[in-house]
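**Q** These protein sequence lines map, in sequence, to chains A and B.
Residue 1 is where the first sequence starts when you use our numbering, and the numbers rise one by one after that.
Residue 548 is where the second sequence starts when you use our numbering, and the numbers rise one by one after that.
I should point out that these hints are in silico values taken from the structure, not numbers from a laboratory.
Among these hints, one or two may not hold up.
[Stated by the list, open to error] Listed below are the simulated BS3-like cross-link pairs for lysine-lysine, each with C-alpha atoms no more than 27 Å apart in a straight line:
1) B:658 x A:306
2) A:306 x B:792
3) A:162 x A:151
Everything numeric in this text was worked out from a predicted model, so none of it was measured.
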Amino acid sequence: METLSRPSDHIDSAPQRDAKIVNPNLGVVGWLRWFWRQLTSMRTALLLLLLLAIAAVPGSLVPQRSSDPNGVSQYFADYKDTAPILDQFQMFDVYTSAWFSAIYLLLFISLIGCVLPRTKHHIEALQAQPPVTPANLVRLPAYAQLTIAGKSAEEVLEAARKVLKADRYRVARYDRAAGGTGKLKSEAAITVSAERGYMRETGNLIFHFALVGVLIAVGFGGGFGFAGQRAIYEGQAFTNSLIAFDSFNPGRFFNSANLTPYTIQLDKFTAVYEEKNSNAIGQPVDFTAEVTTQIQGEAPQQQTIKVNEPLRIAGTDVYLLGNGYAPTITVRDAEGNVVFTDSVNFLPQDKNLTSLGVIKLPDGLAEQVGLIGFFYPTVSEGHSGAYFSMYPDLIDPRLTLDVYAGDLGLDEGIPRSVYALDTADMTKLAGRKAPQKSLEFSIGETVELPNGLGSVTFDGVKRFVSLDIHRDPTQGWVLVFSLSALAGLLISLFIPRRRMWVSVTENSDGSVTAECAGLARGDDPTLDTAVNALKDKLERALGLTRD
Amino acid sequence: MTDTLSEYSVLALYSAMAIYAIAFVLFTLDLAKGASGDPVAGAEAQKVVVPERRKLARVAMALTVIGFALQFAATLMRGVAASRVPWANMYEFAMTGTLIIVAVFLLVNLKWDMKFLGSFVTGLVLLLLGLAATRYYVEIVPLPPALQSYWLVIHVFVATLATGFFALGFALSLMQLLQTKRELAVAAKEKTRLAFLTRLPDSVQLENYAYRLIIIGFVLWTFTLIAGAIWAEKAWGRYWGWDTKEVWTFIIWTIYAGYIHARSTRGWRGTRSAWLAMIGFAAVIFNFTVVNIFFKGLHAYSGL
Numbered sequence: 001m002e003t004l005s006r007p008s009d010h011i012d013s014a015p016q017r018d019a020k021i022v023n024p025n026l027g028v029v030g031w032l033r034w035f036w037r038q039l040t041s042m043r044t045a046l047l048l049l050l051l052l053a054i055a056a057v058p059g060s061l062v063p064q065r066s067s068d069p070n071g072v073s074q075y076f077a078d079y080k081d082t083a084p085i086l087d088q089f090q091m092f093d094v095y096t097s098a099w100f101s102a103i104y105l106l107l108f109i110s111l112i113g114c115v116l117p118r119t120k121h122h123i124e125a126l127q128a129q130p131p132v133t134p135a136n137l138v139r140l141p142a143y144a145q146l147t148i149a150g151k152s153a154e155e156v157l158e159a160a161r162k163v164l165k166a167d168r169y170r171v172a173r174y175d176r177a178a179g180g181t182g183k184l185k186s187e188a189a190i191t192v193s194a195e196r197g198y199m200r201e202t203g204n205l206i207f208h209f210a211l212v213g214v215l216i217a218v219g220f221g222g223g224f225g226f227a228g229q230r231a232i233y234e235g236q237a238f239t240n241s242l243i244a245f246d247s248f249n250p251g252r253f254f255n256s257a258n259l260t261p262y263t264i265q266l267d268k269f270t271a272v273y274e275e276k277n278s279n280a281i282g283q284p285v286d287f288t289a290e291v292t293t294q295i296q297g298e299a300p301q302q303q304t305i306k307v308n309e310p311l312r313i314a315g316t317d318v319y320l321l322g323n324g325y326a327p328t329i330t331v332r333d334a335e336g337n338v339v340f341t342d343s344v345n346f347l348p349q350d351k352n353l354t355s356l357g358v359i360k361l362p363d364g365l366a367e368q369v370g371l372i373g374f375f376y377p378t379v380s381e382g383h384s385g386a387y388f389s390m391y392p393d394l395i396d397p398r399l400t401l402d403v404y405a406g407d408l409g410l411d412e413g414i415p416r417s418v419y420a421l422d423t424a425d426m427t428k429l430a431g432r433k434a435p436q437k438s439l440e441f442s443i444g445e446t447v448e449l450p451n452g453l454g455s456v457t458f459d460g461v462k463r464f465v466s467l468d469i470h471r472d473p474t475q476g477w478v479l480v481f482s483l484s485a486l487a488g489l490l491i492s493l494f495i496p497r498r499r500m501w502v503s504v505t506e507n508s509d510g511s512v513t514a515e516c517a518g519l520a521r522g523d524d525p526t527l528d529t530a531v532n533a534l535k536d537k538l539e540r541a542l543g544l545t546r547d
Numbered sequence: 548m549t550d551t552l553s554e555y556s557v558l559a560l561y562s563a564m565a566i567y568a569i570a571f572v573l574f575t576l577d578l579a580k581g582a583s584g585d586p587v588a589g590a591e592a593q594k595v596v597v598p599e600r601r602k603l604a605r606v607a608m609a610l611t612v613i614g615f616a617l618q619f620a621a622t623l624m625r626g627v628a629a630s631r632v633p634w635a636n637m638y639e640f641a642m643t644g645t646l647i648i649v650a651v652f653l654l655v656n657l658k659w660d661m662k663f664l665g666s667f668v669t670g671l672v673l674l675l676l677g678l679a680a681t682r683y684y685v686e687i688v689p690l691p692p693a694l695q696s697y698w699l700v701i702h703v704f705v706a707t708l709a710t711g712f713f714a715l716g717f718a719l720s721l722m723q724l725l726q727t728k729r730e731l732a733v734a735a736k737e738k739t740r741l742a743f744l745t746r747l748p749d750s751v752q753l754e755n756y757a758y759r760l761i762i763i764g765f766v767l768w769t770f771t772l773i774a775g776a777i778w779a780e781k782a783w784g785r786y787w788g789w790d791t792k793e794v795w796t797f798i799i800w801t802i803y804a805g806y807i808h809a810r811s812t813r814g815w816r817g818t819r820s821a822w823l824a825m826i827g828f829a830a831v832i833f834n835f836t837v838v839n840i841f842f843k844g845l846h847a848y849s850g851l
């Protein structure tokens, strides 16, 4: 049987005699050809596939910088000795590492090297006639025959041709004169040769090309897009420009001039928590952010963002990834002049939203002052006297502030996180192990700062949301290629490719014998059924059986 | 109302487990009977055995159907009680997942006689259900916002369906390996303790069955991967991020892709590809248990 232009170690290709041609003068071209054959062989593809599976494992055992940067820092802190060694082997960046990339690039080169010649061969096969009918149909894997009286051989053959055509076989007629002698003697016969299921190979090729498409789309997608984060509280607006992001990760080819100017204002954030089900009190049931968006030059629009319902605006996608409380705080100096008034995003520390935030007051007071605050939406007191939040919603909100005075470290021009306070050069004035207890507030209360520095007022609480803003221009292509791969896979696995032959010979008594035979190309569990069905249909077409 | 329904659900599940247990014993006895009917391994063993009326297996099969009906009721009641699909935490995954394994087993038996896999299927289902019911039972709680999506229905269901096909593929591949061993022993006229496999299809037939089930599983798994990526894009803002669960879904896909290629590679069809099918299912189970329970990642929502 002729091959489908498969690699030489494919199970459908003819076994090769051991090529023991160890030619010392193989030459560069010879070696390259040998190497290419090795690379595009089934065995190599298989080993690369399995190697890829194994290589992916460590990325699930060790935290990855891409998905869990905090985990990586923690790992370095926990395993001071092994972490740097693992880092040498790019264990914290497995999926962008040299060795992982090498495996999948080799795999894809192997794949392309295998698929291209097959494509050429398949295109030729699509234009070719089905092959000449073999002389001895009995020897084929599936076989059936019937003897018909009262019909001419031509009539029977024409009926067979029609049946095969109706089953969407490609059909060709071959006549054979009587020939041979003795055992090899064969009667004169008229035959049709038919083949179907070319789509099987088409689907297979689509699958493999689509995978290449996925790889290319994924590779380029990261380059042209960006991902940025921004937290805004109720009433606050965010403008889609580089400086407005809290953090921003551009792709390699991203040009910030491509940012479409628009604003998103958070009007209201609603969190619903379970109140009835005693097994799930306080579990979040719904998060909804109501926003007003405005693209430059257009009318503002009211929209909502939910966890599974991102906002699609101006080629970017806006996701609701987190939320928390933003207490509104006003600080006055000793004379009562306002030196600070704003809502400050406090980061949630647990599921009941005990939240931690920092306020830095570099100017306006007698000294530089830093405040580290804890916010408890529903405060409760533990055995040790420490506060905690027992419910995530605002039932009994409480704010405590530790007060530090000294050097905030802002003047050296080193960028500092707004969520952390460097207390190395500061003195603790209020809080644990300080001369005075933490300042404590319910909503609307004002408390004096230590040392007559001034006062702090807790005006109220707003909600804040953290938004992820992404642009990935190729993700649509990734989807298209993935779905093509799926379609190709379905076709290539479930459409059987087979050849069928019907050969009609005239018997001495005037009757004719029709032989039907089939040959599978690739996995085909229904070959026998198909040959028997062909025989039945032929009988029916000739009016030999009733339906 | 909700509490009563979920109590009935638990009751139905325990009843189903009891019935599966009996079916398991009967299936195993049926397999063992195959051995006693063939005391001397040798040329005799290769004779085609006339299909006999296997009473034990047929009773076991009927019990499995009843067990399935009870488990289906249990799963349905759990879903109704929670007013959502019953696959949102480990306990429910186990319940729905094993239900689907049994469903695939019953379905495949309509086409081919695979009663010889009954021991494996009921045994595996009992083990998983037992673990889930005793270690991972949780009361019904509402869905967190991250899971409130129709993709939960599609993505998780198709993944579980794929698991059902992979499970049977695993069992068939295991049988294939044992059968190959027995066939070699018989050919060499050696004694073998695997005589109970005499009544089973030969190793090539077993391999063909395994392949046909696994390719269905593979297509479903490919769909799971794509559906998961679409959902991840909506919920987390990126379609692929090498989260631990994503990594293992990818690994499983790659192993089975390897299996399909191995079937077409000279020297790999047969025993080696069977090993790959088994490693693939081991990875599926690993993904479902160890990765869910011990690995950190975005999929760790399952409310253990």
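**Q** Work down the list of hints and note, for each, if the structure agrees.
**A** Structure-based check of all given hints:
| no. | hint | verdict |
| --- | --- | --- |
| 1 | B:658 x A:306 | violated, 46 Å |
| 2 | A:306 x B:792 | holds, 23 Å |
| 3 | A:162 x A:151 | holds, 16 Å |
Violated hint for the displayed structure: number 1, the only one.
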